[in-house]
Amino acid sequence: MLTELYPTLKSSSTPQEHWEYVKTSMAKFIKQYCRQRGSWRQKQLKALQSKRNRFLHDQQSRVIRAQVLPTIESQISVLQKEITDILAIWSGTRWREHSEVSAGYLQRTIQQRQTSRYIAQLQHPSTGEIHPDPEGMQRAASVFYQSLYTMDEVDDDSIDLLLNSLSQNTSLNNDEAESLYCDFEINELRVAAKRSPKQSSPGDDGLSYSFFYLLFQHLLYENLITKIYNQACQDGIFPKSWQHTCLILLPKKGDLSLLRNWRPLSLINCDAKLFTRLINKRIINVAQSLITPFQTGFLPNRFIAKNGLLVRLMMEQAKHQQHHDTIGLMLDFEKAYDRLHPVYLSTVLKKFGFPTCIINSICNLFFSTQIRININGHLSSSITQHRGLRQGDPLSPILFNLALEPLLQSILRDQHFQGILPMLPPTIAPHLSPRPIHLKVLGYADDVFVFLHPQSDLERLDLHLSTYQKASNAKLNP
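Be aware that the sequence shown starts at 1, since it is given in full-length UniProt numbering, and climbs by one per residue.
One or more hints might be untrue.
What the hints assert, rightly or not - Taking CB as the label site, the calculated pair distances span:
#  : residue 1 : residue 2 : range
1  : Ala47     : Ile284    : 51 to 59 Å
2  : Met330    : Gln418    : 14 to 22 Å
3  : Ala305    : Asn477    : 21 to 29 Å
4  : Gly353    : Ile248    : 32 to 40 Å
5  : His438    : Ser171    : 23 to 31 Å
6  : His438    : Asp156    : 27 to 35 Å
7  : Arg117    : Met315    : 31 to 39 Å
8  : Asp204    : Ile284    : 50 to 58 Å
9  : Glu73     : Tyr33     : 21 to 29 Å
10 : Asn173    : Ile130    : 51 to 59 Å
11 : Ile248    : Ser77     : 55 to 63 Å
12 : Asp133    : Asn173    : 54 to 62 Å
13 : Tyr118    : Ser50     : 32 to 40 Å
14 : Gly254    : Met423    : 36 to 44 Å
To be verified - Calculated pairs, BS3-like style, for lysine-lysine (alpha carbon to alpha carbon, straight line, at most 27 Å):
#  : residue 1 : residue 2
15 : Lys281    : Lys240
16 : Lys81     : Lys28
17 : Lys240    : Lys31
18 : Lys240    : Lys10
19 : Lys351    : Lys281
20 : Lys227    : Lys198
Everything labelled a hint here was simulated from the structure, so no lab data went into it.
Beta carbons are placed, not taken as given, at the ideal position from N, Cα and C, and that holds for glycine.
Please construct the entire structure, taking both the sequences and the accompanying hints into account.
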């Protein structure tokens, strides 16, 4: 099909238009094939089972049975395995016992997932009215998320003050900066497609990583593929579908009629996620020197267990030394990823020495996304995401770490902020200096733990948090 499709590409169209044409045509073909295959599979399975039953009831010799029955049962097994594999994908089951083929179990798993995600009613954020009907819930969700993704003003002076806390040496060198926007080679793209999770949910185009892996192997499309990904990286030009996202809601604790108690997860088209996976990999390779060792989230060779151990040891130390004025404070940011301001993020990336083309590419992709919210299988009208990082995007965690870094550094470099002096052997905390150093803050992505010793530490922390909130649109939960 891909080979037959290639000659129909119009020479007057842009690479992005070609890409959308290929995707739309293949999605239509795949859906049609799957419907036909599903119908054929059910009919064939029913016919084979009937044939097997008739054969068992006929007076056939044992020799004939031994020759024919295994063939029929093998054909039945192949079809049943296809059905089971499809159900496993629908149910989200990543692990199954060896040879487990219980369609009933998988069907129950699907039903349990659907039940846990079912939204019975939602409160409209403006009127307070409770809506149990699909249209009312869609309107409530649209109003809530349009408000959440609408930018508040940020304070330029607060941004400057926060970024002044960063070391002058905290910046990418020329080689590191160039490594972020160098050309993608076709083999690099093929490896990325091959290593992507095959059972990951597709976006609203319905095309999986497996499809793009096959597409990337096709020699006719090599030039188109590299153009798409290099123009996205270097020029910030994307296929339209990369900026269309379906948002599903996952329940949290609390009153589930309130939209703030649902976690948004973006179902992004797989070809767009391949791009952000590639950019994420490049950023990870150069980000170690930019991010404090006290931030352990989503970086190679950094583990949350070290933070947990440090907190536990500090608790024991404070208890042993009877430091009753020592406080460990956990900061809880409201909708931490969803509130991040594009101006603040781009300014931070520029301060870290990121190339302008990469900053523009990231901001163009993240902050003009068209979102439709899935409420019990019904899609809302589109809203535009003007701020916030897409939860479910491979690039979001490292971008948030970079955005949070100025806050962590402002605390770490504050000479008037005392923290707590740990009495630890170097094997426990090798990232601490050999000489005594005060432990002030630990981070795991947006989970931030602060050590406060005298009363003045709390006042200094309040000052830093106020600056960060004015600079980035962040907001602490009360």
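Looking only at beta-carbon atoms, does the pair Met330, Gln418 fall within the given range of 14 to 22 Å? Given range 14 to 22 Å: holds, Cβ gap about 19 Å.
Does the beta carbon distance between Gly353 and Ile248 stay inside 32 to 40 Å, or does it fall outside? Hint holds: Cβ distance 36 Å, inside 32 to 40 Å.
Against the 27 Å threshold, does the CA-CA distance of Lys227 and Lys198 hold or violate the hint? The hint holds at about 24 Å.
Is the hinted range of 27 to 35 Å satisfied by the C-beta distance from His438 to Asp156? holds, 31 Å
Honestly, do His438 and Ser171 meet the 23 to 31 Å range at C-beta? Taking Cβ atoms as reference, His438 and Ser171 lie about 26 Å apart, which means the hint holds.
Holds or violated: 32 to 40 Å for the Cβ distance of Tyr118 and Ser50? holds, 38 Å
So if I understand the rule, the pair passes when the alpha-carbon distance is 27 Å or less; does Lys351 with Lys281 pass? This hinted pair holds, its Cα atoms lying about 20 Å apart.
State, for the Cβ atoms of Ala47 and Ile284, whether the hinted interval 51 to 59 Å holds or is violated. This hint holds: roughly 53 Å between Cβ atoms.
Range hint 21 to 29 Å (beta carbons of Glu73 and Tyr33) holds or violated: Between Glu73 and Tyr33, where Cβ atoms are some 27 Å apart, the hint holds.
Beta-carbon spacing of Gly254 to Met423 - inside the hinted bounds 36 to 44 Å or not: holds, 40 Å
Pair hint outcome, Lys240 versus Lys10 [Cα-Cα no greater than 27 Å]: Satisfied, since the Cα-Cα distance of roughly 18 Å is no more than 27 Å.
Taking 21 to 29 Å as the stated bounds, is the beta-carbon spacing between Ala305 and Asn477 within them? Given range 21 to 29 Å: holds, Cβ gap about 25 Å.
When each numbered hint is compared with the structure, violations occur for hints 8, 11.
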